[in-house]
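Please put together the full structure from these sequences, using the hints given.
All residue numbers for the sequence shown refer to our numbering, where the first residue is 8 and numbers rise by one.
Don't read these hints as lab results, they were simulated from the structure. Don't be surprised by glycine CBs; every beta carbon is placed ideally from N, CA and C. Wrong hints could be hidden among the right ones.
[Unchecked claim] DEER-style ranges, computed between Cβ atoms:
(1) V153 to W38: 22 to 28 Å
(2) T25 to S172: 41 to 47 Å
(3) A42 to V171: 44 to 50 Å
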Amino acid sequence: LGAGRASQWRPGRRGWFTNAGGVTANSIARWNETAWSPLGTGMDGGVVALAVLPSGDLVAGGDFTTAGGVSANYIARWNETAWSPLGTGMDGTVYELAVLPSGDLVAGGPFTTAGGVSANNIARWNGTDWSSLGTGMDSVVYALAVLPNGDLVAGGVFTTAGGVSASRIARWNAVSYTHLRAHETKA
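Written out as structure tokens, the structure reads:
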């Protein structure tokens with residue numbers, strides 16, 4: 008993709024499918040305003056989350072263990088030519104992805120490790136390694152959003168985030184979690 012080409016990515020169809028517009032495309036395809044095309048040989052399972060990195064590379068998360076024939080546990084990166092893993096990936100499905108202002112990627116889902124590191128339902132990729140965001144959540148993260156000030160909001164079925172009471176929604180400020188209340192949604 009390269010820098011400056013991120014606008015080419017329109018997620019379009021995602022999930023579990025084997026063709027798009029009559030073209031073989033295993034769970035992921037690109038629409039170029041006139042036709043669908045596959046991204047390599049695709050995945051061996053469903054894609055449920057997409058994000059574009061500052062470099063323009065596409066990251067896909069989901070319920071797959073290979074991408075383009077390469078081992079990629081639940082998360083993989085497409086560089087316009089080939090799929091590659093992000094470290095050793097996760098031990099469970101990736102449901103959501105978000106890119107922080109630093110360019111780091113955050114993944115959420117029902118997993119307990121990322122790249123071999125303990126990461127309860129949420130993890131951060133810095134381009135080289137996975138790390139946890141505090142102690143994570145006590146249950147699954149289904150949604151992620153980055154606020155204008157760079158804070159991350161996570162939603163899911165968890166009741167604690169980083170050991171703090173958080174009824175299904177929490178805010179990460181790069182240091183700790185706080186429960187997010189309706190009147191706190193402005194950055």
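Structure-based check of all given hints:
The given range of 22 to 28 Å is respected by V153 and W38, whose C-beta atoms sit roughly 25 Å from each other. Checking the proposed 41 to 47 Å range against T25 and S172 shows it holds: the Cβ atoms sit about 44 Å from each other. Checked against the hint of 44 to 50 Å, the pair A42 and V171 passes, with Cβ atoms roughly 49 Å apart.
In this structure, none of the earlier numbered hints is contradicted; all agree with it.
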